Structures are given as structure tokens and as C-alpha cells.
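Can you build the whole structure from these sequences, using the hints too?
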Amino acid sequence: MAQHEDMQEIKKRRDAVLSALVDGVPYHRFLGIGFDRRGDELTGVLNFEQKLIGNPFLPAIHGGVTAAFLEVTSIITLSWNYLWQDMEAGAIDLGALEAGTLPRLPKTIDFTVDYLRSGRPRDAYARAEVIRSGRRYASVRVEAWQDHRDKLFAQATGHFLMPPPVTEAKAGKPG
Amino acid sequence: MVDKAKLARQFIEAIPHAKALGMTLDEIGEGEAVISLPYAPHIVGDPESGVIHGGAVSAVMDTCCGAAVMSHPSAPGGTATIDLRIDYMRAATPGQKIVTRATCYHITRSVAFVRATACDEDTDRPVATAAGSFTVETW
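Protein sequences, first through last, are from chains Y and A. Heads up: the first sequence at position 103 corresponds to 109 in my numbering, and the numbers run straight through without jumps. Heads up: the second sequence at position 139 corresponds to 154 in my numbering, and the numbers run straight through without jumps.
By construction, these hints were calculated from the structure, which means they are not laboratory data. None of these values were measured; they are calculated from a predicted model. Treat the hints loosely; a few may be bogus.
Taking CB as the label site, the calculated pair distances span [what the hints assert, rightly or not]: (1) GLU45/A / GLY101/Y: 56 to 64 angstroms; (2) GLU135/Y / ALA55/A: 28 to 36 angstroms; (3) ALA106/A / HIS154/Y: 32 to 40 angstroms; (4) GLY140/Y / SER64/A: 19 to 27 angstroms; (5) PRO109/A / ASN53/Y: 23 to 31 angstroms; (6) MET13/Y / THR138/A: 53 to 61 angstroms; (7) ASP42/Y / GLU45/A: 42 to 50 angstroms.
A virtual CB, placed ideally from N, CA and C, is assigned to each residue, including glycine.
Structure representation (C-alpha cells):
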């Protein structure tokens, strides 16, 4: 019984951290991006809306929307991995997070998108893989699909500047 | 003779996502395009500082590069992005609009090569640069 309650607490904490990271950013809400979570695995979900269209004649999702969706999925996945240990150790202030104080997030250095086929006017999904995450730099690969998981419509790779470790940032910031 | 500039302008203005972001086509012609993105609360990526999200910069870069391709005298019609790389030099200053300028510097029967720069009001220090290849399509 106690173990069951623990699991609920863990889930609640993970979902609260993820929700703060995702829903706390206006641009994510504008694009209609959400995330599905299974344990530590995240899948980005781009909920289709007419305003995401880039070519009304085909019609197809705007290339910039695809790029943004892949970039958001990369940053959230990277942040999630980076925060995981502190989150599991209960070292993240959930109250502050829910009040809108986001932890410092990785910054994009460069991002290269491969457009494999046009994005159809329907929901899209993306999963990012952190290839390497060092103290200062990280390299991420991300792929996106629509109806079929193995039929990608875009993929991307990017480099990111990592924020200073949580403990270091705390020590460096008075108050 | 088809007026490429007029065609490109109509095309850009018919794009729902360009409209949703409030993009405006400021200049177009001969493989060059200038498109701006006004600052707006819904494109903010860092709520604390008010800095816009890199993804919004990607969207305007992609649109501007596509417009540059379509305006090229050798382009028969439409285009689609094959690949686009964006380098982010610095955070855009909150409250300022982003102005992107793209140049289609080479075009073949099937591929167009494009470079672009995005600046805020401090035009000496670009916010981002882009390089990409685009398809060359007939209508």
C-alpha cells in the first residue's frame, strides 16, 4: 500500500516538472505542442491546427513549424534528462516551478533540419535522442513522423549550450 | 511575362502560418527577399526574459528563404525546403521585431541554394544566420 502511494507521488512530481517545462512557455502553447511521458521517455505531440499550414495548396505543415517542433522536442528532452536526477532526488522546488519559475534551459547553438516529405495536415509526433551531453555542450538527434512511426517526415540534429549545473548555479547566485 | 514579385507576395500572404505570426513581406525580387516578424507575447520562449523562441526565428527564416527562391528569375514556380541549417548567434532583444534577408545565390533546374540573416534593431550583430537548399518546382 505504501509503495503504491509512493508511485503516485513520483508520477505527480514527474508530471509537474514536465508540465512546467512545456506549458510554461507561451510559444509551445501557440503551436499546440504537448508531451506524452512513459517513465523517462518523452514523445512530443504537435496538435494540428489550420494556422500551422505553410502551403495551403497541398496542403502541408509549414517548414518553420516542423523545425520549431523538432527544436522544442530536442530542448525539452535535453532539459528533462538534465533535470532527471535532481527531480528524482526531490531537489527541485515544485512550488516555485508551478508558480512559473523555470530552471535555466539549454540554448540552441545550431539546428539542421532534413525535410524528408511534406508534413500532412494532421497531428505529428517527435522523439529526441541525446547523443552526447557534456558539461557545456550537448548534441541531439530528433525525428518526427505522422501516421507511421517508421515513415519519418523530418529529422534534425542540433547542438546546445548547457546551463551550469543546478547546484553550481545556486552557489553562484546570492539569495 | 509573369510578375514574380507579385506572385511571391500573394503566395506569402496566403500562408496561414505566416499570417498567424504576423509576418510581412518588405522587399522581394531577383532572388532576394526581406520578411519581418513582429515581436508578440505568444512567440516568447523564455517567459522570464521575454526573449522569443528560436523556433519562431526558424519559421521566418524558412519563409524568407522560400520567398527568395520563388522570386529568382530562373525559378519556374513553387518550392519546398530540402534542408535548412540555422546558427543562433545571440538572443533577440525582447520587444524588437526580427528582420530576415534571404538570398538565393545559386539555382539549377532542380535545386536552389539560399543564405539568410536575421537581425533585430542592432543590425551590426545578427541574431541568427541560415543556409539551406530548396526544391525547384513547376506549378
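Status of the hints after comparison with the structure:
1. GLU45/A / GLY101/Y: 56 to 64 angstroms: The hint (56 to 64 angstroms, Cβ to Cβ) holds, given that GLU45/A and GLY101/Y are roughly 57 angstroms apart.
2. GLU135/Y / ALA55/A: 28 to 36 angstroms: 32 angstroms, holds
3. ALA106/A / HIS154/Y: 32 to 40 angstroms: At 37 angstroms between Cβs, range holds.
4. GLY140/Y / SER64/A: 19 to 27 angstroms: About 25 angstroms separates the Cβ atoms of GLY140/Y and SER64/A, which means 19 to 27 angstroms holds.
5. PRO109/A / ASN53/Y: 23 to 31 angstroms: Roughly 27 angstroms apart at Cβ, these two residues keep to the hinted range, so it holds.
6. MET13/Y / THR138/A: 53 to 61 angstroms: 55 angstroms, holds
7. ASP42/Y / GLU45/A: 42 to 50 angstroms: 47 angstroms, holds
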